[in-house]
Amino acid sequence: MAPSSVCSATRTTVFRKRGSCTAGEAMRRFPRSDSMPVSCLIGMRTLVVSDLHLGSLLERDVLRRPEALEALVSEAEASDRLVLLGDTIELLEGRARQAAEVARPVLGALGQAVGADGEVVVVPGNHDHAMVRGWVHRQVSGPAGLGLDDIVPRSAGTLLSELTGWLGPAPVEVRYPGLWLDGETFATHGHYCDRLLLDASGLRRSDPHPRRTPADYERSPGTDAGGIEQPLGEILPDGLSEGIDATGGQLRRALLSGIPRLASVPGARNIADLASLAIEQGLHRRAAIPAMAEVSRRLGIGARYLVFGHIHRRGPLPDDPEGMWRPDTNGPMLLNSGSWVYDSALVGMPTGRPRSYRPGGAVIVDGDGPRCVDLLAGVPDDALRGSV
23 MAPSSVCSAT RTTVFRKRGS CTAGEAMRRF PRSDSMPVSC LIGMRTLVVS DLHLGSLLER
83 DVLRRPEALE ALVSEAEASD RLVLLGDTIE LLEGRARQAA EVARPVLGAL GQAVGADGEV
143 VVVPGNHDHA MVRGWVHRQV SGPAGLGLDD IVPRSAGTLL SELTGWLGPA PVEVRYPGLW
203 LDGETFATHG HYCDRLLLDA SGLRRSDPHP RRTPADYERS PGTDAGGIEQ PLGEILPDGL
263 SEGIDATGGQ LRRALLSGIP RLASVPGARN IADLASLAIE QGLHRRAAIP AMAEVSRRLG
323 IGARYLVFGH IHRRGPLPDD PEGMWRPDTN GPMLLNSGSW VYDSALVGMP TGRPRSYRPG
383 GAVIVDGDGP RCVDLLAGVP DDALRGSV
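23 is the number of the first residue of the sequence shown in the numbering used here; add one for each residue after it.
Among the hints, a few may not be true.
Here are the computed distance ranges between Cβ atoms for each label pair [what the hints assert, rightly or not]: (1) 183 / 341: 38 to 46 Å; (2) 324 / 237: 41 to 49 Å; (3) 346 / 232: 24 to 32 Å.
Hints listed in this document are in silico derivations from the structure and should not be mistaken for laboratory results.
All of these numbers come straight from a predicted model, not from anything done at the bench.
Cβ coordinates follow ideal geometry from the N, Cα and C atoms, glycine included.
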């Protein structure tokens, strides 16, 4: 599906950068109906980034480094709306306060860049799901349920309240599990695809759960731990997967803390890189893209484009196989915003071609159809590299 600037909207809002209303106000004037897109913001520039993982134990989060932060701040200054599409802060390692110390100045700089006339939208993912966990559980068990793009009160949790405050003076809205970027583009972190990985990878013939609503994905065990318990539980003997969710943070910390020491041993750098890859990135990359398309189908999102993060694999890129990012010909064109973490094993060596796992990915939506960009193309690897 070729990008198009034509919206299937019945009403149009013209948004001019730093105009008389914020991006959020413009969207709320013409809310999307349940049956079809009815809003298209022409002239508004939305910048989508995900997987910042601020406060990572291994210092893989490249926004600690001035060159990376400067590049993102510059792009945010040129945008009307900044969407932080999940895993903004690293909370799965059980070091929330330490992560917050790293996140606060970074988010403060981004909030200043967007300014009071722009808007920031925070969409939690799986690594920062703890910020909205209580609110999500109440929604899922309540009469209203959980929609596709619910507004989350900034007061829903202590850390959420703090994080949104750091983004001032920009107006901040929190959405979960996703939001409409315009009349034909939906964005979500993408962690729901973990529930369907066994199907997409061929390890399971069929999913016994229908998963037709967001609540179906939230009720599955392991959401807060990156979606590992429920899939493992279906292929491991009874009892072996019990407690993965409860101990995930401690296990993750113990494993990750050993990687820098391993990397310091002569000749062991590649082993350390592979260990980081296995722990954090997993082996589900190719399966995740069709799984995300299946999530979209089951939830009935009905978007022309679907932007997600989670898998750290920016795309589409020019060298990607035809059809890779639209596995369902009746479904949306998928785009991935990549990440802002540096993993040597994933990034690889410079080849003269775009490297899909190199940090600095983003998606821009500005009326010409969403497109992937590399905001750190001019920054050398040595300026981004952390412990692994």
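- Task: Enumerate the violated hints, using their earlier numbering and listing them in ascending order.
- Result: 2
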